[in-house]
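Please put together the full structure from these sequences, using the hints given.
There are 2 protein chains.
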Amino acid sequence: MKNDSDLFLDNQLCFPFYATSRLITRLYQPLLKKIDLTYPQYLVMLVLWESDSIIVSQLGKRLFLNSNTLTPLLKKMEQKGLLIRKRSNEDERTVIIELTSKGQKLKTKATGIPNSLKEQLNINMPMEDILELKKSLWKFLGNFETIQL
Amino acid sequence: MKNDSDLFLDNQLCFPFYATSRLITRLYQPLLKKIDLTYPQYLVMLVLWESDSIIVSQLGKRLFLNSNTLTPLLKKMEQKGLLIRKRSNEDERTVIIELTSKGQKLKTKATGIPNSLKEQLNINMPMEDILELKKSLWKFLGNFETIQL
DNA sequence: CAAGATTTAATCTTAAACAATTTAATACAT
DNA sequence: ATGTATTAAATTGTTTAAGATTAAATCTTG
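First to last, the sequence lines map onto chains G and Z.
For the first sequence, the working numbering assigns the number 1 to the initial residue and increments by one for each residue that follows.
For the second sequence, the working numbering assigns the number 1001 to the initial residue and increments by one for each residue that follows.
It should be emphasised that the hints constitute simulated quantities derived from the structure, not laboratory data.
Do not rely on the hints blindly, as some may be mistaken.
What the hints assert, rightly or not - Footprint (simulated), chain Z over chain G, 3 or more residues, beta carbon under 8 Å: (1) 91 to 103; (2) 110 to 118.
Stated by the list, open to error - Pulled a few chain Z residues facing chain G out of the computed Cβ check, cut under 10 Å: (3) Asn1011; (4) Leu1046; (5) Val1095; (6) Ile1096; (7) Glu1098.
For glycine and all other residues, C-beta sits at the position ideal for the given N, C-alpha and C.
See below:
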């Protein structure tokens, strides 16, 4: 069952997920800087642009994040004027997040981002990095026997 | 070209990578705590267990990390006695990382981790989270038209 | 060989992540 | 109804992640 090769970095399925996630975030960074958002902040905005208003726990379920991450993040976004936080009247434990008009308007500026990113991917992503990751992912698609999460 | 649905969270390929990566790291955490490692520290150990000695820049290429992340990480691991850092004689700019015997020995304790993780996955990962991610990944495998990185 | 460019790691700063704990509100069981 | 459990968010402390800059060594090129 246990195998020495289980500990090879290239046999860890977790690693391409970890590395790809960070590389994509890096690509986003210059684009998001133009609208003064970080990547996790952008994810919050994506949710709010869909729903306008949501309680923290539901937002957390959507993004797989807890209040220990979300609370400081949302406070920062409130300071920027993108949203407001208020306790619910029905249940004082819950906090409702509401998009402000400034937050609404930001959506217009954001519409070009997905396409810009695709261009970024070709221009600024080092080709060796892409190949490395494609190789990793391909390996796992081609050979499930050695997968280690 | 631009489409309103481009900004739907569920159309972002980046998100399942980001979320899966964090969920896997969370699963690792209790297992790695037993051998006093964090997930990125574990990745460094995986590389060192393969090569015993490596310079920082090469390690960075392997893990897609720069010195601004690696230097503090490696210093912490040096304090734990897992490795030593020393300047190369041939090129004083480069820093060589070498596994200590303590670092070597840790490998034995780590051999069970990949299998333990698979059990963790079944026991401790909330099934709804897994289903959510499977749905996301499936969506992208099934429909490349709407992919937004 | 000397000036400028490049490489390598370290430093500084800001922002996420997340475990563990705390605080407050609500649900619930006897 | 009251004490106990549960839930929601916030707080605290530690570790990553990464942009921007710095400092030192090495390479390059005239």
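Among the hints numbered above, which are violated by the structure, and what are their numbers in rising order? 1, 5, 6, 7
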